[in-house]
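From first to last, the protein sequence lines stand for chains A and B.
The first sequence begins at 0 in numbering that gives the first Met the number 0 and counts up by one.
The second sequence begins at 0 in numbering that gives the first Met the number 0 and counts up by one.
Just so you know, the hints here were simulated from the structure itself, not pulled from any lab data.
Treat the hints loosely; a few may be bogus.
[As the list claims (entries may be wrong)] The list that follows gives simulated cross-link-like pairs (lysine-lysine, DSS-like), each with its CA atoms no further than 25 Å apart:
| # | chain 1 | residue 1 | chain 2 | residue 2 |
| --- | --- | --- | --- | --- |
| 1 | A | Lys-234 | B | Lys-36 |
| 2 | B | Lys-439 | A | Lys-544 |
| 3 | B | Lys-36 | A | Lys-892 |
| 4 | A | Lys-709 | B | Lys-36 |
| 5 | B | Lys-42 | A | Lys-577 |
| 6 | B | Lys-439 | A | Lys-577 |
| 7 | A | Lys-559 | A | Lys-398 |
| 8 | A | Lys-117 | A | Lys-230 |
| 9 | A | Lys-709 | B | Lys-439 |
| 10 | A | Lys-544 | B | Lys-36 |
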Amino acid sequence: MGNRIKLLITLFTILWSLNSSAQRIVRGKVTSSTEGQPLTGAYIYAKGTHAGASTTSDGTFDIKVLSPSDTLQIKYLGYKTKNITVNNTDVYLPIFLEPNRNELNEVIVSTGYQEIPKERSTGSFVALDNVLLNRRVSTNILERLEDITPGLIFNKSRSAIGTENSISIRGQSTLYGNTQPLIVVDNFPYDADISTINPNDVESITVLRDAAAASVWGARAGNGVIVITTKKGLKDQRNRITANANVTIGDVEDIFYDPLISTAEYIEIEKMLFAKDYYRAQEISPSRTALTPVVELLIAERDNLLPFTTVDAQIETLKLQDVRNDLRRYFYQRSINRQYSVNLQGGSKRQQYFSSIGYDKNKYSLVNNEFERITLNTNYNHVLIENKLELNTAFYFTKSTDRRNNPGIESLRMNANGLYPYARLADEVGSPLPITKDYRAGFVQSMPENGLLDWGYRPLEELYLTNNVDHNTQARVNASLKYSISSMLDAEVLYQYSNSSLSYENLRSSRSYYTRDLINEYTQVDGNGSLSRPIPLGAIFDMNKGRQIGHNLRGQLNFKNEWNNKHHVSAMLGYEIKDVNTARNQYRYYGYDEENGTPSVVRYATNFNLYHNPQLVRQIPYVDGTTELSDRFLSYYGNAAYTYKKRYTLSGSARIDRSNIFGVNINQKAVPLWSLGLSWNISDENFYKVEWLPYLKLRSTYGYNGNIYKDVSAYTTANYRPNDNNTNLPYAIVINPPNPDLRWEKVRIGNIGLDFSSKNQVVNGSVEFYSKRGIDLIGRSPFAPATGIITFTGNTASTSSYGLDINLEGRIIDKAFKWSSNVIWSFIRERVTDYNIDIPNTNYLMYGDGGGIYPKKGKPLYALYSLAWAGLDPATGNPQGYLNNEVSVDYNKLLSSTNEADLIYNGPAQPTLFGAIRNTFTYKDISLSANISFRYGYYFRRPSVRYNNILTAKGGHSDYSKRWQQPGDEQWTNIPSLPENVNVNRDNFYSLAELLVEKGDHIRLQDVNVSYMLNKRNLPKLPFETIQLYLYANNLGVLWKSYDGPLDPDYSFSTPPPPRTYALGLRMTF
Amino acid sequence: MNIFIATRRVLTKLLISFSLLSLISCQNEFLEMKPDKALLIPKTLTDLQSLLDNTNIMNQGTYFGLLSADEIYIPDNVLQSNATVRNIYTWADEVYEQSFLAPDWVRPYQQVFYANIVLEALDNFENEHGIDSESSTLRGSALFYRAFAFYGLSQIFAAPFLDGSADTELGVPILLKSDVNQKYNRGTLRETYHQVINDLMVAETLLPTEVSYRSRPSKIAVYALLARVLLSMEDFSKANEYAKKALLINDALIDYNTLDSTAGNPFPMTLPTGNDEVLFFSYISTGLSSVSLIIDSTLYKSYDNKDLRRVHYFLDRGNGVINYKGNYTGNSFLFNGLATDELYLIVAECEAREGDVALSLDYLNKLIKRRWRNGSFKKYDTMNREEAITLILKERKKELILRNTRWGDLRRLNNDERYETTLRRLVAGASHSLAPRDRKYVLPIPNQEISISGLPQNPR
């Protein structure tokens, strides 16, 4: 032992003396071989001395090297790494780095479990880097995927209404299961709201599209996986600070988008209905049901309370009013989004760090609504034992508040109807005016003298009388320990703890209408006329507090080896455990004293006669409740890839997931999913001699992903509810009949891809063909009601789809002026293959395009159907259809037919051919890029007038004024006549007729980005290394559309298209 | 060196033990966690009671009969915007809009489904824990609810019961298991009534005489329902017997002189025990506002000025608009449960039918006396059998107005030409009529049922 130590010491001494005696310094400059500009921040490493250096702003460096000769390694992002031998004679080294044009082959893709060089992968990955992601300016990271990811589409059709960022990757292979891709952030599935991620912290995103790529995610991978990797410190990188600030200004939403009848027409209809005594029931209603000002005037005239001339004059004045002008003026404004972020990044050989802070503040288009977000993020990597043990810790914190005090145009209603169009929200000087809401105006006016609270509703005032806020706080801690057992084998343990609190608070002040209305409704009058208030004066405070705690733990063994430069094996094996627990509590305080924060006691479970209609007996609304949900998984997974001669790769993966599905025995809880893949680098073969296409790779995969549906069970399940409205006893409700044959949904995916790159990478790209089959899908079918249920949920359906995704990147001009073009093009054909329930055609007609889920065998899940149109009846203006080839006006029969021949299938309701073309022009420091997107191969239904709405005084579509009114009108109009009575079937027939179906095909200029980059090398006085100024304009508009009406085909359901936004930003590094 | 090796060993051990631990221990328990805390598989008696206490389902009755019968009229403007109501109201050939899921069909079968789930869970419970009084009460309750549902269905979707045709007329499907995949057919009308009576006979032996919450079944409710069912079968002697059995337990009648007619709802809330006359609580939600149901003016005028029902039942809004407010629920919902006043009327009718006019009038007088202003009611006296029956039927219509019994009475009484009625409506200038014994006294089964289970439809 002693000898050995002596020997070691001697050796070290010798080495050290050798070392120190033969060192010297060389200088050099690193420049780009193509443009000749110096490269700042290039890293130089001397292999002999282990010294490192990085270039200054003029590209120069100096470094200690070993004499007589040493090797320098020069690395710079985006350039090929270069090794240079330094001889004794060299003093000054001019080094030219070649840009790394062969990026395609160098790309590393992340599956969330491992990082694989794309070269050796068999699966379908889309890698999106930081530069591309930063092209777009947004608060939410997911939005940035739009139009740059082949095969991924943002759904805007009817099925996606009300959902933010509804995304499909290669179609939808489920009916009722989860339809959204799994989102993974830094190795673990992200269960919190994705809006808590600051886009400035994101380094890259990988989208996993096929079985081989995603099957490692098992039962949650059926819709594809989006893997987000946040920024980390890099080894041997000097400190770098990046700051980014931008402001985005948006146009005001087009509230006139939905074409409505004019106010004058609306009033004329009211007069007509009044003459028909339509309002009688409301007029005598014991509930004092509200009537519009015009109807009140007409009543006053009828009852001789006002002379005709006065009434007529007042009505004529009202005809000039349009409430949307007031809304535009008082409820809407330009949106302003501000985003600031600063991060610090750096690292040495042993420690790397990244920290960032971000702040967002968005003022929405709706006045008094805003969003605010603070994000903090630190990531620290520590090499504890070199080449052996590495510890990584990360901490993320987000706090956001979303204030929504302005519920927008939808909230303005009278009774259950929309608001009458001549409502005035403010007078000439802008003071809030009351509108008629729930009760007759006369009733409301008499309240204060009866001792009740003011019962008036002034929408403009309401904006400032509530405090309706969502608070979202999230903290996430990650720790991982990686230990190299040998050069071939690592073991790693990863753990993530996350704690989110999501609280929703709505404080409706004592002056808010909601509070006053409720207090008044419950006000009791006793025998001698004195009042008591079961709901005490004060605010009403609703709270819904939730917290979500997640634990993820993963143990994984990674194996990697290479023999004789021929055989390359990489494999991993892991075990994962996940537990996410979500609890929510909802409660309400009545009579809440905003000053002191104290609530009052109320008597629940007591019947009160309501003030405005004592016949109504109600109890004080009790909304308290709790829920607690648990989501647990135990999973085993593994994969292996073998590459022979860097040409052939065989890969395989398998995963078993088990989850806490309720009432299914353990065996059925587990679902095994697997994949196999093969790839072949053809261009590496000796026989391959195609010079113009130096890179060609063929790959193919096959396998299964899963999807989860936890809402059904093998047993009869029921749910407890707190308070039966008749007895006040707790009660239970059956939510699901037993289904012993329940299985998990599976998606079988086959994928064939070809990657290629032409000489000098003028054209790079890939073409992929895939086929997907959804198997054992949960279907919900109408059921015979006598069984006690009207729908049945079970594994009854299957779907099939295939498609093509193409990604091309071309460098059209590559001189001082550069023009590059990027094309993504996706085609998909989807259909439901098994669904054996025949339901009346009406369901397909009315909801087939996404208003519900009504799958039809052989057709896409979301499809547009219509009925044949036989024009208007020249005598009556009635819409006509065909029944058994005869012209018919039997609307009930036309609609209720179950005969397939009576149903016209127009086509898919979601785009089947879509993509984008992005052109980027660069000259020196200026770059301009524009993204033009296109969506083809789908149909939508144009809305038109529904007389049901007209005749029930709800207003309606402006087509009303172009209706058939007298014989001969059918020559120029297809809009039916006004019927005598409400006839819903007639309305339905017309609205479902083929003439209202339009092609959705269109091309839009999605966005333009202009950026100007200043560099220290050009402007040595610049206090920054680089400073980039950018302008970004989004939602620029439709360039061409197949249909020639006023609607935007992607927004045909009365929600106006998102307004244009313009952003200005500054990004600095120093 | 040593430290390094030691670290390595510790780590290896940790890794191995971690993997082993995680592989073996507690896996199943980990996955046994309920995904939602509020979920339950109905097993315990509390679970089962909670299912039956769902009054939205278990205590809500049919209303198509109410829209079809002759107690109310509905103004044109209401009918204009509600096609299904219009079709039912005018006895149209085509009743439902295409995908309309008639609640009168769906809800009773939901009650049957709940009752069957409870009965099956009770079988398991009693196998394991033995029979106790609580489980017996639950079993009796489930049987009662099921019988109430089948009887309600038969009044809307099956022909009136006539002994001669009961074996050839179609009944309603009798489902006695909760299995949603079971096959079923309509069976005969006699089978339907047989099941109702059978369920009630068993329930009688299991239920307590009276209960605290009137939304729950009791023995007295069983007697009252049996009396109603047997009367509809024109089995007067048995109907009489059960009505009297019930009255023996509770013969309470509210003295209408004690009520405040100016109140929005003159009658006390039934639940839990407010209204002494109520034996079983069930309510109707027609979806129409009380203003839309206007009382036939001839019927309104038939209430004497000294008859307090005139002020307690009705609200005269002027312009010929008379609305109903006499809900025995005590709130704005109509009542269609069981109450003692109906039993008095059943006994009175049955006694008259069987010839004891004096006893019959005795029961009738006891009831009406409580309805009139104190001291103003002059007892009905000597009259012949025929006159007595006519009088009782008239009083029956007046007492049980909007209690969902009239449609069943029309169906029953039309079999006897002496008491038959032709119904007439005038809607938007067009007149409609419904002759006695018309097939339209049986409503069609909703399309979804016919198209999926293939049951034979009722001819119109």
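Verification of the hints:
1. Pair hint Lys-234 of chain A plus Lys-36 of chain B does not hold up; C-alpha atoms about 48 Å apart against a cutoff of 25 Å.
2. Between Lys-439 of chain B and Lys-544 of chain A, the direct Cα distance comes to roughly 55 Å. Violation of the 25 Å bound is thereby established for this hinted pair.
3. This hinted pair does not check out: Lys-36 of chain B and Lys-892 of chain A have alpha carbons roughly 47 Å apart, beyond 25 Å.
4. Between Lys-709 of chain A and Lys-36 of chain B the CA atoms are separated by roughly 14 Å; this keeps the pair inside 25 Å, and the hint holds.
5. Between the alpha carbons of Lys-42 of chain B and Lys-577 of chain A the distance comes to roughly 30 Å, so the proposed pair goes past 25 Å and is violated.
6. For the proposed pair Lys-439 of chain B and Lys-577 of chain A, the alpha carbon gap of about 61 Å is over 25 Å, so the pair is violated.
7. For the proposed pair Lys-559 of chain A and Lys-398 of chain A, the alpha carbon gap of about 41 Å is over 25 Å, so the pair is violated.
8. Straight-line distance between C-alpha atoms of Lys-117 of chain A and Lys-230 of chain A comes to about 20 Å, which keeps the hinted pair within the 25 Å bound.
9. With a C-alpha separation of about 45 Å, the suggested pair Lys-709 of chain A and Lys-439 of chain B falls outside the 25 Å cut-off, and the hint is violated.
10. Restraint check: the Cα-Cα separation between Lys-544 of chain A and Lys-36 of chain B comes to about 17 Å, which is no more than 25 Å; the hinted pair holds.
In the structure shown, a violation is registered for the earlier hints numbered 1, 2, 3, 5, 6, 7, 9, in ascending order.
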